[in-house]
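Novice: What follows is the residue order along each chain.
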Amino acid sequence: DGGITQSPKYLFRKEGQNVTLSCEQNLNHDAMYWYRQDPGQGLRLIYYSQIVNDFQKGDIAEGYSVSREKKESFPLTVTSAQKNPTAFYLCASNRDSNSPLHFGNGTRLTVT
Amino acid sequence: AQKVTQAQTEISVVEKEDVTLDCVYETRDTTYYLFWYKQPPSGELVFLIRRNSFDEQNEISGRYSWNFQKSTSSFNFTITASQVVDSAVYFCALSEWGTGGFKTIFGAGTRLFVKA
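Those sequence lines, one after another, are chains A and B. Just so you know, this note's numbering puts 77 at position 77 of the first sequence, and the rest follows in order with no gaps. Just so you know, this note's numbering puts 88 at position 88 of the second sequence, and the rest follows in order with no gaps.
Keep in mind that the hints are not guaranteed to be accurate.
Claimed, not checked - Label-pair restraints from in silico Cβ distances:
no., chain 1, residue 1, chain 2, residue 2, range
1, A, N18, B, A7, 26 to 32 Å
2, B, D18, A, E62, 40 to 46 Å
3, A, T20, B, S71, 33 to 39 Å
Unchecked claim - Here are some of the chain B residues that sit facing chain A, going by a computed Cβ distance under 8 Å:
no., residue
4, L45
5, F47
6, S95
7, T99
8, G101
9, I105
10, G107
Quick caveat, the hints were computed from the structure, so don't treat them as lab data. All C-beta atoms, glycine included, are put in the ideal place defined by N, C-alpha and C.
Please model the entire structure based on the sequences and the hints provided.
Specialist: If you want it as structure tokens, here you go:
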């Protein structure tokens, strides 16, 4: 079955370390997205990519970086510059602009 | 600027009551898309409905119905005869043109508690 795989489900890191969250999709979707979810704030867009080798900053891109070298993959790096990295991170994709988003199961990152 | 506003943070109802979740959006585009998603306690987001800006026809799907009104920039969601399984966080979302393509912005969500 097609879908989006995020790994790992839980991730723990020490403050000051960079960490990369994996997102892989086999839906043949062109567009991929990263969202961050904090309690009471809904989902906030970090980065999005409409096509391979191109990506755009979302509303809260500071302290994050991404790459889109392959259509199937859109990894997110949480850098040490991100002041409050502990959150639930969701990766999503869609076929085109009027299509609903397909979400992965998320990665819960805890930085201490 | 807040693009999607869900003013109700939490709603609590008793089973079989009807409940309406409000969503107000803001956009300058003439072409845009509106969505509702459900996030049950397990965490995964489930797509419920999509509407484009040119289609104001209301829709009913079983116990769910949606009221889209461009004049008030609202896209409200009603659950009729609520059930305990409807307990979840519901998100309204707006997809509009951003740099490099369409991007989807979510509201803060409304947490619905349905008590037996």
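Novice: Are the hints correct? Go through all of them and say.
Specialist: Hint check:
Distance hint for N18 of chain A and A7 of chain B: a CB-CB separation of about 38 Å, inconsistent with the stated range 26 to 32 Å. For D18 of chain B and E62 of chain A, the Cβ-Cβ distance of about 42 Å falls inside the hinted range of 40 to 46 Å, so the restraint holds. Taking 33 to 39 Å as the suggested C-beta distance range, the pair T20 of chain A and S71 of chain B does not conform, at roughly 46 Å. Among the interface hints, the one on L45 of chain B holds; its C-beta lies about 4 Å from the nearest C-beta in chain A, closer than the 8 Å criterion.
The closest approach between the C-beta of F47 of chain B and any C-beta of chain A is roughly 4 Å, which is under the 8 Å cut-off, so the hint is satisfied. Hint status for S95 of chain B relative to chain A: holds, with the closest Cβ pair at about 6 Å, below 8 Å. At about 5 Å, the closest approach between the beta carbon of T99 of chain B and any beta carbon in chain A falls short of 8 Å, and the interface hint on this residue holds. Because the smallest distance between the Cβ of G101 of chain B and any Cβ of chain A comes to about 4 Å, under 8 Å, the interface hint for this residue holds.
Annotation: interface hint on I105 of chain B holds; nearest CB of chain A at approximately 6 Å, less than 8 Å. The closest approach between the C-beta of G107 of chain B and any C-beta of chain A is roughly 6 Å, which is under the 8 Å cut-off, so the hint is satisfied.
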